[in-house]
Amino acid sequence: MSWVQVVANRSNEDIFDEDADEMYPVQKEWNNTMRKRLKEGYRDGVEAGKELALQEGFNQGYRQGAELMVACGQFRGTLNALLSWCHLNGHDSALRKINNLLEVIGKHEEDLLKCLNSVQLQPNVGDILDSIQDMDLSHIAPAGVDCSEVKAEKYGHVGSSDENCCRNNGEDGSLQFDCNREKLFTDPDKSTLAWVKKQTLWLVEQLGLSLDILHHIQQLEH
Amino acid sequence: MAAPSAGSDMFDEIVMAEDRFHGEGYQEGYAEGSHAGAAEGRRCGALHGAKIGSEIGSYLGFALTWQHLLPKCTDEKDSKKMRALDSLIGMIQKFPYEDPTYEKLQDDLEKIRGKFKQVCSMLNIRSDFRISNERSSLTF
Chain A
1 MSWVQVVANR SNEDIFDEDA DEMYPVQKEW NNTMRKRLKE GYRDGVEAGK ELALQEGFNQ
61 GYRQGAELMV ACGQFRGTLN ALLSWCHLNG HDSALRKINN LLEVIGKHEE DLLKCLNSVQ
121 LQPNVGDILD SIQDMDLSHI APAGVDCSEV KAEKYGHVGS SDENCCRNNG EDGSLQFDCN
181 REKLFTDPDK STLAWVKKQT LWLVEQLGLS LDILHHIQQL EH
Chain B
1 MAAPSAGSDM FDEIVMAEDR FHGEGYQEGY AEGSHAGAAE GRRCGALHGA KIGSEIGSYL
61 GFALTWQHLL PKCTDEKDSK KMRALDSLIG MIQKFPYEDP TYEKLQDDLE KIRGKFKQVC
121 SMLNIRSDFR ISNERSSLTF
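Chains as they are written, first to last, in our numbering: chain A, 1 to 222; chain B, 1 to 140.
Simulated from the structure, these hints should not be mistaken for laboratory data. Owing to the predicted nature of the structure, the values given are computational and were not obtained by experimental measurement. Among the hints, erroneous ones may be present.
[Unchecked claim] The list that follows gives simulated cross-link-like pairs (lysine-lysine, DSS-like), each with its CA atoms no further than 30 Å apart:
{"hint": "1", "chain 1": "A", "residue 1": "K97", "chain 2": "A", "residue 2": "K107"}
{"hint": "2", "chain 1": "A", "residue 1": "K107", "chain 2": "B", "residue 2": "K115"}
{"hint": "3", "chain 1": "B", "residue 1": "K94", "chain 2": "A", "residue 2": "K97"}
{"hint": "4", "chain 1": "A", "residue 1": "K198", "chain 2": "B", "residue 2": "K72"}
{"hint": "5", "chain 1": "A", "residue 1": "K97", "chain 2": "B", "residue 2": "K72"}
{"hint": "6", "chain 1": "A", "residue 1": "K107", "chain 2": "B", "residue 2": "K72"}
{"hint": "7", "chain 1": "B", "residue 1": "K117", "chain 2": "A", "residue 2": "K107"}
{"hint": "8", "chain 1": "B", "residue 1": "K104", "chain 2": "B", "residue 2": "K72"}
{"hint": "9", "chain 1": "B", "residue 1": "K51", "chain 2": "A", "residue 2": "K198"}
{"hint": "10", "chain 1": "A", "residue 1": "K107", "chain 2": "B", "residue 2": "K77"}
{"hint": "11", "chain 1": "B", "residue 1": "K72", "chain 2": "B", "residue 2": "K94"}
{"hint": "12", "chain 1": "B", "residue 1": "K117", "chain 2": "A", "residue 2": "K97"}
{"hint": "13", "chain 1": "B", "residue 1": "K72", "chain 2": "A", "residue 2": "K114"}
{"hint": "14", "chain 1": "B", "residue 1": "K51", "chain 2": "A", "residue 2": "K28"}
[As the list claims (entries may be wrong)] From chain A, some residues computed to sit far from chain B (all C-beta separations above 12 Å):
{"hint": "15", "residue": "C86"}
{"hint": "16", "residue": "Q199"}
{"hint": "17", "residue": "W202"}
{"hint": "18", "residue": "E205"}
{"hint": "19", "residue": "Q206"}
[To be verified] Output of the computed footprint for chain B on chain A, the stretches with three or more beta carbons under 8 Å from beta carbons of chain B:
{"hint": "20", "segment": "45-53"}
{"hint": "21", "segment": "68-75"}
{"hint": "22", "segment": "109-115"}
Backbone N, C-alpha and C define an ideal beta-carbon position, used for all residues, glycine too.
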């Protein structure tokens with residue numbers, strides 16, 4: 001007896017009652033069929049949702065990744081240019097310093113890549129990346145740069161005190177930065193590039209290179 | 001459930017029920033799939049974008065710096081180098097490297113890579129920046 005017939009028989013009360021026991025397996029079959037349809041629907045839905053969101057997510061992530069890393073790349077390229085110039089012009093004493101800075105940038109890029117790779121575990125990737133970009137922008141505000149340079153000169157050396165100085169700038173200058181604090185991102189991003197920038201400026205001055213180059217380095221991170 | 005009067009209504013009802021269950025499952029799955037897909041896509045995209053952003057950034061930093069490092073009062077050889085650098089910078093600045101939907105992304109990237117190699121060879125620099133006395137320069 002098919003469940004079609006059972007449902008049809010519902011119009012006749014007597015038969016419906018007499019067939020109560022027979023109804024059970026039919027009801028079960030109905031439930032199974034519907035459960036199957038539900039599962040099929042779910043599977044189709046997952047596939048369709050994933051397919052559409054994958055491309056959208058990729059585009060979104062790509063843009064953020066590209067915009068985040070271009071700053072590191074510019075530092076690396078600038079340092080490579082200085083490295084090759086020093087090598088060609090016999091300023092061998094500067095090579096070690098430049099190579100050290102390149103290592104710092106390389107490590108920094110690796111850290112950022114690691115972050116980007118694990119970011120999917122966090123619910124609001126977009127927000128975090130946006131906040132990095134905000135921080136990057138707030139960092140290049142002229143006031144902040146001047147302040148860190150003045151302090152660095154006062155302390156007479158760079159390194160840990162310099163990094164603290166940068167963090168202080170963030171706290172003083174931007175409430176937004178404070179709210180969005182994400183240790184993994186802020187520390188390498190804010191202090192590493194700022195530190196490399198200062199070291200590079202110092203190096204360029206030592207080499208007696210043109211103001212144009214100083215100006216170019218000042219403009220990095222934009 | 002209201003008793004259907006005719007067989008055709010019965011079938012309609014059954015088909016509708018199947019559609020409804022399928023639809024409910026679909027919606028739930030769609031939400032789940034969208035979430036998973038977006039996260040996976042974003043991670044994959046971010047890594048891909050990061051690679052290209054870093055590469056393009058390094059070419060730009062390199063070219064802009066060398067533009068200032070070349071001697072100002074130029075002979076023919078230097079002005080040739082300068083023209084190549086200008087051309088490389090122009091290509092990079094026109095390149096929408098951050099736009100994954102740009103259809104010539106890969107083509108343009110290859111052209112920029114080629115130009116960069118050409119510039120390096122004109123400047124007498126290895127494009128991987130390895131220099132002969134790198135080892136000794138790293139010792140303290």
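A quick look at each hint next to the structure:
{"no.": "1", "hint": "A:K97 - A:K107", "result": "15 Å, holds"}
{"no.": "2", "hint": "A:K107 - B:K115", "result": "27 Å, holds"}
{"no.": "3", "hint": "B:K94 - A:K97", "result": "33 Å, violated"}
{"no.": "4", "hint": "A:K198 - B:K72", "result": "26 Å, holds"}
{"no.": "5", "hint": "A:K97 - B:K72", "result": "27 Å, holds"}
{"no.": "6", "hint": "A:K107 - B:K72", "result": "35 Å, violated"}
{"no.": "7", "hint": "B:K117 - A:K107", "result": "25 Å, holds"}
{"no.": "8", "hint": "B:K104 - B:K72", "result": "35 Å, violated"}
{"no.": "9", "hint": "B:K51 - A:K198", "result": "25 Å, holds"}
{"no.": "10", "hint": "A:K107 - B:K77", "result": "37 Å, violated"}
{"no.": "11", "hint": "B:K72 - B:K94", "result": "26 Å, holds"}
{"no.": "12", "hint": "B:K117 - A:K97", "result": "25 Å, holds"}
{"no.": "13", "hint": "B:K72 - A:K114", "result": "42 Å, violated"}
{"no.": "14", "hint": "B:K51 - A:K28", "result": "56 Å, violated"}
{"no.": "15", "hint": "C86", "result": "9 Å, violated"}
{"no.": "16", "hint": "Q199", "result": "15 Å, holds"}
{"no.": "17", "hint": "W202", "result": "16 Å, holds"}
{"no.": "18", "hint": "E205", "result": "14 Å, holds"}
{"no.": "19", "hint": "Q206", "result": "15 Å, holds"}
{"no.": "20", "hint": "45-53", "result": "holds (count 9)"}
{"no.": "21", "hint": "68-75", "result": "holds (count 8)"}
{"no.": "22", "hint": "109-115", "result": "holds (count 3)"}
Of the numbered hints listed earlier, those contradicted by the structure are 3, 6, 8, 10, 13, 14 and 15.
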